[in-house]
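Undergrad: What follows is each chain in one-letter form.
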Amino acid sequence: MDFLRPSTLAEALAVKAERPDAVPIAGGTDVMVELNFDHRRPAALLDLTRIEELRTWTPGLRIGAGVPYVRIIDELGAQLPGLAMASRTVGSPQIRNRGTVGGNLGAASPAGDTHPVLIASDAVIEVASVRGTRMIPVDDFYTGVKRNALEPDELIVAIHLPPAPGPQQFAKIGTRNAMVIAVCSFAISLHPNEKRVGAAVGSAAPTPRRARDAEDFLSAALTWEAPKPLLDSVKREFGELVSQAASPIDDVRGSAAYRRHALAVMARRTLGWAWQEYLEGEQACA
Amino acid sequence: MRVNVTVNGEQRQADDVWEGESLLYMLRERLGLPGSKNACEQGECGSCTVYLDDVPVCSCLVAAGQAQDREVRTVEGLAEGESLDPVQEAFVEAGAVQCGFCTPGLVVAAHDLLNRVDNPSDPEIREALAGNLCRCTGYEKILDAVRLAASRK
Ligand SMILES: Cc1cc2nc3c(=O)[nH]c(=O)nc-3n(C[C@H](O)[C@H](O)[C@H](O)COP(=O)(O)OP(=O)(O)OC[C@H]3O[C@@H](n4cnc5c(N)ncnc54)[C@H](O)[C@@H]3O)c2cc1C
Ligand code: FES
Ligand code: FES
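Residue numbers (the working numbering), protein chains in the order written: chain F, 1 to 286; chain Z, 1001 to 1153.
The reader is advised that the hints may include incorrect statements.
What the hints assert, rightly or not - Listed next, the stretches of chain Z that the computed footprint assigns to chain F, with coverage defined by at least 3 CB atoms under 8 angstroms from CB atoms of chain F:
| id | segment |
| --- | --- |
| 1 | 1011-1020 |
| 2 | 1046-1060 |
| 3 | 1064-1078 |
| 4 | 1084-1090 |
| 5 | 1127-1136 |
Stated by the list, open to error - With a straight-line Cα cutoff of 25 angstroms, these simulated SDA-like cross-link-like pairs (lysine to any residue) come out:
| id | chain 1 | residue 1 | chain 2 | residue 2 |
| --- | --- | --- | --- | --- |
| 6 | F | Lys-195 | F | Gln-79 |
| 7 | F | Lys-146 | Z | Thr-1006 |
| 8 | Z | Lys-1153 | Z | Ser-1121 |
| 9 | Z | Lys-1141 | F | Ala-178 |
| 10 | Z | Lys-1141 | F | Met-179 |
| 11 | F | Lys-146 | Z | Glu-1041 |
| 12 | Z | Lys-1141 | F | Tyr-258 |
| 13 | Z | Lys-1141 | F | Thr-175 |
| 14 | Z | Lys-1141 | F | Asn-177 |
| 15 | F | Lys-195 | F | Glu-240 |
| 16 | F | Lys-235 | F | Asp-251 |
| 17 | F | Lys-195 | F | Asp-21 |
| 18 | F | Lys-228 | F | Cys-285 |
| 19 | F | Lys-235 | F | Gly-272 |
| 20 | F | Lys-195 | F | Arg-212 |
| 21 | F | Lys-146 | Z | Cys-1040 |
| 22 | F | Lys-228 | F | Leu-150 |
| 23 | F | Lys-228 | F | Ser-247 |
| 24 | F | Lys-146 | Z | Glu-1044 |
| 25 | F | Lys-146 | F | Asp-21 |
Claimed, not checked - Far from chain F by the CB rule (all over 12 angstroms, computed), these chain Z residues:
| id | residue |
| --- | --- |
| 26 | Tyr-1025 |
| 27 | Leu-1031 |
| 28 | Glu-1093 |
| 29 | Gly-1095 |
| 30 | Val-1097 |
| 31 | Gln-1098 |
| 32 | Asp-1112 |
| 33 | Asn-1119 |
| 34 | Asp-1144 |
| 35 | Ala-1150 |
| 36 | Lys-1153 |
FYI, nobody ran anything at the bench for these hints, they're computed from the structure. Beta carbons: idealized from backbone N, C-alpha and C, even for Gly.
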């Protein structure tokens, strides 16, 4: 095995072009588990932790693929409340100190916690190779269970997403408050500027998935201009549509029926919280 | 491969490191520092927690080569000569150690918490230690130890 240690992005892309079999390693919180248990014996590891460009974020926002969760929580919590909420639920402090959104995308597990948030907030994934840069809308990024749209010579460089235009929420079901792979998860993002809602489910289909019908229904049902408290019927219908967007399976973490039920509950609750925040914001302005 | 790394303030060199090897393995098997424990090798238990450039991480999830030219501080590096770090002392006094397997990781995690937060609340302590498992104590004595260490800072 080779251990490759580029110090710039250009160098890393050149190495990846020459050695497409090299496995990138950022926080290592997925890769090292596979190595320790001999589930994977790559010909080479490509260490990304020395590449400064991957470890910085710039306003707008463009977040380097290698920015660890702890920094998203500490530095971007106000601008990206949804992503920060999801980041806070990842693993443990030790895992959040190392793990990255780029690694979450690289692993592309249907249970990865950042995915529903990235979908609900219309993130764009910047990937690059020596052939050039591609901007991939996050909806097109997940191609199957633990599969993504990366070509063998490409690296994930950054995640682009706008500062939250409105309230955002994330919820996740698990057996304790730390260190759990989601039984299922849900993210909602209000875009009052466009009178539109983003909503997506995690760990409830082969890939993270946008709940399109639920988004369309809610975008039309919400009283954006003169916001009023939500009708229970709207919350219930939204929950139902979110639940229908999933195609969950029975596995060790939960049954398909439970996942469907839990998704509807999470969708209703997070909508309630997000709308309440919007109402309070509007009243404060008025 | 060869890895050069500063460990507990000393410049160290490890040879014949396998490229897929973890920092934990290198510390224990090549650098003679068995304080950090290996209980799961998958990030779940925290018994391998060390500081990497002042940030607590699971050393079983860091590739040894990623530590090249970086600074590692293990549980062996917390005491000053013969005198224990206040966190270590508090663990002993509070009876927070039974079999002791989880202790090195918990001590490093608690040490980091008290570096960052002056008087941590109970929820803050629980959150900071959420990545460390103990099969013996039931955690109450561990919480006592952290409160005791905090009160002495
Ligand atoms: C104990 C434990 C608890 C966990 N809990 C959670 C949890 O609650 N929620 C959750 O979502 N995940 C969890 N995980 C999984 C993991 O922490 C996350 O998926 C994390 O985001 C991975 O990031 P990383 O930087 O450590 O990735 P790495 O392990 O370094 O890489 C992961 C994958 O992405 C690829 N990769 C990394 N960076 C790039 C890049 N820039 N370009 C191309 N490919 C890249 C790697 O080759 C690899 O295939 C947990 C893991 C552990 C060990
Ligand atoms: S041995 Fe590293 S977390 Fe358990
Ligand atoms: S004292 Fe035995 S595992 Fe904690």
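Undergrad: Indicate, hint by hint, whether the structure satisfies it.
TA: Each hint tested on the structure:
1. 1011-1020: Coverage by chain F holds here, the residue count being 3 at a Cβ distance below 8 angstroms.
2. 1046-1060: It holds: at least three residues are needed, and the segment 1046-1060 of chain Z offers 7 whose Cβ sits within less than 8 angstroms of chain F.
3. 1064-1078: holds (count 3)
4. 1084-1090: violated (count 0)
5. 1127-1136: n = 5 at 8 angstroms, threshold three: holds.
6. F:Lys-195 - F:Gln-79: holds, 19 angstroms
7. F:Lys-146 - Z:Thr-1006: Answer violated: Lys-146 (chain F) to Thr-1006 (chain Z) is near 37 angstroms, above 25 angstroms.
8. Z:Lys-1153 - Z:Ser-1121: Distance ~15 angstroms between Lys-1153 (chain Z) and Ser-1121 (chain Z) Cα, so the pair holds.
9. Z:Lys-1141 - F:Ala-178: holds, 20 angstroms
10. Z:Lys-1141 - F:Met-179: Holds - the C-alpha atoms of Met-179 (chain F) and Lys-1141 (chain Z) are around 22 angstroms apart, at most 25 angstroms.
11. F:Lys-146 - Z:Glu-1041: holds, 22 angstroms
12. Z:Lys-1141 - F:Tyr-258: violated, 37 angstroms
13. Z:Lys-1141 - F:Thr-175: Satisfied, since the Cα-Cα distance of roughly 24 angstroms is no more than 25 angstroms.
14. Z:Lys-1141 - F:Asn-177: holds, 21 angstroms
15. F:Lys-195 - F:Glu-240: Within the cut-off at roughly 21 angstroms; holds.
16. F:Lys-235 - F:Asp-251: violated, 28 angstroms
17. F:Lys-195 - F:Asp-21: violated, 45 angstroms
18. F:Lys-228 - F:Cys-285: holds, 15 angstroms
19. F:Lys-235 - F:Gly-272: Roughly 8 angstroms separates the two Cα atoms, so the pair holds.
20. F:Lys-195 - F:Arg-212: holds, 15 angstroms
21. F:Lys-146 - Z:Cys-1040: Since the Cα atoms of Lys-146 (chain F) and Cys-1040 (chain Z) sit roughly 23 angstroms apart, the hinted pair holds (cutoff 25 angstroms).
22. F:Lys-228 - F:Leu-150: Not OK: Lys-228 (chain F) and Leu-150 (chain F) at ~44 angstroms, beyond 25 angstroms, violated.
23. F:Lys-228 - F:Ser-247: violated, 33 angstroms
24. F:Lys-146 - Z:Glu-1044: Judged against 25 angstroms, a Cα distance of about 21 angstroms means the pair holds.
25. F:Lys-146 - F:Asp-21: holds, 17 angstroms
26. Tyr-1025: violated, 9 angstroms
27. Leu-1031: holds, 18 angstroms
28. Glu-1093: Given that every Cβ of chain F is farther than 12 angstroms from that of Glu-1093 (chain Z), nearest at about 25 angstroms, it holds.
29. Gly-1095: Holds, since 24 angstroms exceeds 12 angstroms.
30. Val-1097: The claim holds: Val-1097 (chain Z) sits with its nearest Cβ about 20 angstroms from chain F, beyond 12 angstroms.
31. Gln-1098: Given a closest Cβ separation of 22 angstroms, the condition holds.
32. Asp-1112: Label violated. Min Cβ-Cβ 8 angstroms, cutoff 12 angstroms.
33. Asn-1119: Given a closest Cβ separation of 18 angstroms, the condition holds.
34. Asp-1144: For Asp-1144 (chain Z), whose nearest Cβ neighbour in chain F is about 20 angstroms away, the distance exceeds 12 angstroms, so it holds.
35. Ala-1150: Consistent with the label, Ala-1150 (chain Z) stays out of reach of chain F, its closest Cβ about 17 angstroms off (over 12 angstroms).
36. Lys-1153: holds, 19 angstroms
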